[in-house]
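J.: Please build the complete structure, drawing on both the sequences and the hints.
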Amino acid sequence: MASGVRASDDLDVSGATTAVATEDLDRAAEQLDRLSGEASTMAVQLGRIEPVAVPGIFFARQAAIDVDLATAGLHDVARRAGLLHTVLVTAAQGYIVTERIVGLAARGVETLAAQWFGARLATMALTAGGIAAVGAGIWAGLVASGGVGKAVNAQFDHSSRPKDGALLRGVNGLLTNESTVSLLRGLAQSVGPALLGAAGAPTGAAQLFGTRAYEFGARGIIGPARTVGLLRETGVTLVERIPQEVSAPPRDAAPHNYTDRLSRVPHGGDGGPERPQVIIERYTVEGQPDRFEVYVGGTVTFSPSSPTEPWDMTSNLANAAGWESGSVEAVREAMADAGIDEKSPVQFTGYSQGGGTAARLAASGLFNTQGLTTFGGPTGQVELPGGFPTVLVEHTDDPVPALGGEQDNEGAVLVRRNVFDGGPLPRDLVAPAHHYDYYRETAQLMDGSRSPQLDDTIRRLDSFTAGARLESSTGYRFVRTEER
Amino acid sequence: MIPTDAAALAALETQFRQLTTVIARLLAARSHLVPARATFWSGPARERYNAALHELDRDIAQALEAVRFAQRNTRLAIEEVERRG
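Which chain is which? The protein sequence lines are A and B, in order. Start counting at 1 in the first sequence, then tack on 615, and there's your number in the numbering used here. Start counting at 1 in the second sequence, then tack on 2, and there's your number in the numbering used here.
Bear in mind the hints are in silico, worked out from the structure with no lab data behind them. Some hints here could point you the wrong way.
[What the hints assert, rightly or not] Quick partial rundown of chain A residues pointing at chain B, CB under 8 Å, derived from the structure:
| no. | residue |
| --- | --- |
| 1 | 649 |
| 2 | 667 |
| 3 | 675 |
| 4 | 677 |
| 5 | 678 |
| 6 | 684 |
| 7 | 685 |
Note that the coordinates shown come from a computational prediction; the quantities given were computed from them, not determined experimentally. Idealized CB from N, CA, C, for every residue including glycine.
T.: Next up, the structure:
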């Protein structure tokens, strides 16, 4: 890593085929399985040695006895290694079952508690009538003065960061922390139930809403914010098609591992607004319809009132609310421009907001989705359908995926990594665990992990364009237009 | 050398080569296929698992020792047959 800060290399891979296991546990189980097989083979090999009887030669008899002892010993090794392998696999599966039961139970309590709290909010607000009146007065004043959108937007620059980065860097230690992130995830998950409670929904109703409760929470934030000029969705318009340079020959240009996939996602950190937000690659295979790889970039500005940028906080919240965000609309338009219709085979890869956007599009049912890979995306409460390989990568000390609520997509391969693990943080980055470079590092670890789940899934993803010819790679840039 | 000793010598030499191969395989298995100590559990579960790994390694060491004895005794038997012949 460029910053020289030591990061953790441990990956936690779960979901899809075999319940959860840490990467180390997987590796140990695989070693023991192979050891058991190898010891059995050697025992059989020794068992085939015929004792050599040479009258009068003591050592020949002794060697035969030693061979028998070694054979029995190797059978013991095979049995013990096999038993330990079984213990590890069983423990891994038991672990995830327990984790899920505990998780569901805890979520149930949290949801009920949030709804209970929400039901009492109105009473509390009435009790504090004076405060409420003052607040309402301020609110009315803001609305009457045309809102705070311009003033808030002025606090953000094009580098996707608030201008006062120093302030945020000051709380990096708090933000880049598994406990805080876990708390954020719980809060994101609880806003909806609390609002349902405040709206008078009966006890337990929030649990019946499922992911809708989470969306309801985001809508509860957007509604009031819009009255003061924030988080207002607009239309979008395509302003530029940018042909992308491809160095590999067309037949070798398809993505071939996790790192390669992430590297194709448009990103640029402080690169300004000129970079594309979406890149679409078109491939041809003889006798088959064209197929497409769609790469969606991350948030460009965290402003909640950007007049031009669709990859902003407004889109983040709209994605959370399950509404058509500026970024989702822009990617759909780019896809139509590239010739993608509902039958075209397509795979999505996204980073950060691009992950959430890609997940929304894959879940929409509007496309013939053949694969989805997201890095650092708020995808937890996007109900992804099965039927195509899906990999969701989240850093457990990154607050952005946590804002997507609890990760409920158990059919996907979920990769988690605690990047800093409580250690020292880079001084030059805000929320460093969300930074692109650290996700690229995670992708490299995934490629080298030898995890059966990851290997199997990348094989399925890469087979989509195996042998295909790259015909074009085009970047697209959109801007916001007028309010919808 | 009498014919029976010649046949025994050939059989012993074959046995020696087989045992040498098994020793190499067993050494490779011991260095590459015995997992490192657990990082994925804590408390008694980790201790029990690590103890089981220790016992597994001990079993491999004993089997290796037995094969080495067999190899050494085979070599001594070969030398004795050769001396006799």
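J.: State for each hint whether it applies.
T.: Here's how the hints hold up against the structure:
A least Cβ separation of about 5 Å between residue 649 of chain A and chain B falls short of the 8 Å threshold, and the interface hint therefore holds. Among the interface hints, the one on residue 667 of chain A holds; its C-beta lies about 4 Å from the nearest C-beta in chain B, closer than the 8 Å criterion. Because the smallest distance between the Cβ of residue 675 of chain A and any Cβ of chain B comes to about 4 Å, under 8 Å, the interface hint for this residue holds. Interface hint status for residue 677 of chain A: upheld, as the beta-carbon distance to the closest one in chain B is roughly 4 Å, under 8 Å.
The closest approach between the C-beta of residue 678 of chain A and any C-beta of chain B is roughly 4 Å, which is under the 8 Å cut-off, so the hint is satisfied. At a threshold of 8 Å, the smallest CB-CB gap from residue 684 of chain A to chain B is about 4 Å, leaving the interface hint in force. For the restraint placing residue 685 of chain A at the interface with chain B, the shortest Cβ-Cβ distance is roughly 4 Å, inside the 8 Å limit, so the hint holds.
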